[in-house]
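Enquirer: So you can see what is in the structure, the chains are spelled out below.
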Amino acid sequence: MAGEATKALSNDVLWGGGRSPFSISYGKMMMWFFLVSDALTFSGLLVAYGFVRHSTTEAWPIGEEVFRALPFLHGSYPLIYVALMTAILIFSSVTMVLAVEAGHRMDKKGVIKWLFLTVIGGAFFVGSQAWEWSHFIHGGGGYITTTDGAKYWVHTEEHDTDPLTLSTRESFHLEKAREGHYLLPDESAHHLDHAAAVKLWNERVDYVDGANMVRNEYGPSQYANFFFFITGFHGFHVFSGVIINLIVLILVIKGVFHRRGHYEMVEKAGLYWHFVDLVWVFVFTFFYLL
Amino acid sequence: MLRDDIIEYSLDAHHSEEAGRKIRKNIWMVTLLLAVITTVEVALGAYWKEWFPESWSMVKLGYIVLTLVKAGFIVGVFMHLGDERRNVRLIILLPYLLFILYLLFIAIWESNYVHRMIEMFQ
Numbered sequence: 001m002a003g004e005a006t007k008a009l010s011n012d013v014l015w016g017g018g019r020s021p022f023s024i025s026y027g028k029m030m031m032w033f034f035l036v037s038d039a040l041t042f043s044g045l046l047v048a049y050g051f052v053r054h055s056t057t058e059a060w061p062i063g064e065e066v067f068r069a070l071p072f073l074h075g076s077y078p079l080i081y082v083a084l085m086t087a088i089l090i091f092s093s094v095t096m097v098l099a100v101e102a103g104h105r106m107d108k109k110g111v112i113k114w115l116f117l118t119v120i121g122g123a124f125f126v127g128s129q130a131w132e133w134s135h136f137i138h139g140g141g142g143y144i145t146t147t148d149g150a151k152y153w154v155h156t157e158e159h160d161t162d163p164l165t166l167s168t169r170e171s172f173h174l175e176k177a178r179e180g181h182y183l184l185p186d187e188s189a190h191h192l193d194h195a196a197a198v199k200l201w202n203e204r205v206d207y208v209d210g211a212n213m214v215r216n217e218y219g220p221s222q223y224a225n226f227f228f229f230i231t232g233f234h235g236f237h238v239f240s241g242v243i244i245n246l247i248v249l250i251l252v253i254k255g256v257f258h259r260r261g262h263y264e265m266v267e268k269a270g271l272y273w274h275f276v277d278l279v280w281v282f283v284f285t286f287f288y289l290l
Numbered sequence: 001m002l003r004d005d006i007i008e009y010s011l012d013a014h015h016s017e018e019a020g021r022k023i024r025k026n027i028w029m030v031t032l033l034l035a036v037i038t039t040v041e042v043a044l045g046a047y048w049k050e051w052f053p054e055s056w057s058m059v060k061l062g063y064i065v066l067t068l069v070k071a072g073f074i075v076g077v078f079m080h081l082g083d084e085r086r087n088v089r090l091i092i093l094l095p096y097l098l099f100i101l102y103l104l105f106i107a108i109w110e111s112n113y114v115h116r117m118i119e120m121f122q
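Chains as they are written, first to last, in my numbering: chain F, 1 to 290; chain V, 1 to 122.
Some clues are possibly wrong.
[Stated by the list, open to error] Calculated lysine-lysine pairs in the DSS-like style (CA-CA distance at most 30 Å, straight line):
#1 F:LYS109 x V:LYS22
#2 V:LYS49 x V:LYS60
#3 F:LYS113 x V:LYS25
#4 F:LYS7 x V:LYS25
#5 F:LYS28 x V:LYS49
Keep in mind the hints are simulated off the structure, nothing from the lab.
Can you make the complete structure from the sequences, with help from the hints?
Expert: Next up, the structure:
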């Protein structure tokens, strides 16, 4: 970046009136103010999450045990999907900063190319998040609680959520969960055969499958609530970012900014887009990693 | 329409082809750095806990540090805050930090207390 912002000017000139002492245009300044207030909102959400997690005495689920699935694949891939989402968002942030750079050279073709890739990346991220929500809500089979308070994971080959037909399936079996822990198996428990599993199933006092706003199979109800609120709020920001970028892209193609003589609108949309990426970096650490 | 009695800060961000090449190189370097940091974070989460479970709290601290490094690069380079005047940087960052440091302090302090109370009356 060049120009006024890097010029060495004495305070008398800077603050003497007739110019912005910040050497920044009104629109960019206001975008920054908005981003600060939005950052405070997201920080509030993450701090609230930390507060609940730190004050609870229940077992709290851990990211790499909850988020370990990939579309179309079986097996366990801890956090790989979330890492892919992070990579998509960071790369769409890179294409955005390249679009801004092209705008500073009045390179209309370059702006269109990079902004288009940014929109594609953002759309991919929103789609990924939809898949993750769907997977989180459907769950992995759920668990039952027996009369003595022990928890057993329910396994069937095809994910059957109907409690009436579940236990009649050939592949139905139960796996004891470690005490005080939702997601790890109890290695010391002996293997249950089909008949014993059906007996335990029929005597269950509770069955939780998947996740909703009241309860979930991963941990305390606040866990799913924070998941829905934080990633949902962020996902909505990404969605609006995609829409804003799309509008700016159309205006760029129509040549509005080229006639205006500068591509500052791309830069302002870019600030918002980078902010969305920045928030995700924090969500990734504090919700998924820690 | 351009006026000559005011400064058009929007126009002033333009740079040459030569300068653009240098800026792009810098952008790709930062991209590489962010990708490497994210990969390291995921690898630590996937393997470290199984191999060295007793040092997990150190890794957690490392996560927070790496996150702040990533945030610094995104804000400083991608959002160009590092290129703005010092006054701009300060009016953006200082009020935010002031609120958040206080919020963090109060949240940690109070959640410790709530945790102890739940344990006591359980």
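Enquirer: The structure should be examined with respect to each hint, and the outcome stated for every one.
Expert: Status of the hints after comparison with the structure:
1. Between F:LYS109 and V:LYS22 the alpha-carbon distance is near 20 Å, which keeps this suggested pair within the 30 Å criterion.
2. The hinted pair formed by V:LYS49 and V:LYS60 meets the criterion: a straight-line CA distance of about 11 Å does not exceed 30 Å.
3. At most 30 Å may separate the alpha-carbon atoms for a hinted pair to count; F:LYS113 and V:LYS25 meet this at roughly 18 Å.
4. With a C-alpha separation of about 23 Å, the suggested pairing of F:LYS7 with V:LYS25 holds against the 30 Å cut-off.
5. Taking the CA atoms of F:LYS28 and V:LYS49, the gap is near 44 Å; set against the 30 Å cutoff, the hint is violated.
The structure fails to meet hint 5 from the earlier list, while all remaining hints are met.
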